[in-house]
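J.: Its first residue numbered 1, the sequence shown is counted upward by one per residue in the UniProt record's numbering.
Simulated from the structure, these hints should not be mistaken for lab results.
Heads up, a few of these hints could be off.
Label pairs and their computed distance ranges (CB to CB) [unchecked claim]:
hint, residue 1, residue 2, range
1, 13, 45, 31 to 39 Å
2, 62, 39, 28 to 36 Å
3, 11, 45, 19 to 27 Å
4, 73, 29, 24 to 32 Å
Please read all numbers here as calculations on a predicted model, not as lab measurements.
From the three backbone atoms N, C-alpha and C, an ideal C-beta is built for every residue, glycine too.
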Amino acid sequence: MAWSWRYEKDDGTVIPPNGLPGVHDQPEYQSTQSDAESWLGENWRTLADSGVARVWLLDDERVVYGPMRLALD
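With the hints as extra help, turn the sequences into a complete structure.
T.: Written out as structure tokens, the structure is:
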């Protein structure tokens, strides 16, 4: 299994992981759901500051959950 995040702007535009300024330690895939969720928990503010409005957790190509808003308020 390969766990990853899909990032979107408010208008639904998908943001590629390499298009996120300030996010340097992002692995393309995580080996477990827990690792993916922990990474997001540590980095969601930086993602939100980079223009990410919502995220989707994927297991390979299957959507596990989402959209989940990244709100700073």
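J.: With reference to the structure, classify each hint as holding or not holding.
T.: Hint by hint, here is what the structure shows:
1. 13 / 45: 31 to 39 Å: violated, 21 Å
2. 62 / 39: 28 to 36 Å: With Cβ atoms ~19 Å apart, the hint is violated.
3. 11 / 45: 19 to 27 Å: holds, 21 Å
4. 73 / 29: 24 to 32 Å: For residue 29 against residue 73, whose Cβ atoms are near 31 Å apart, the range 24 to 32 Å holds.
Comparing the model with each numbered hint stated earlier shows that hints 1 and 2 do not hold.
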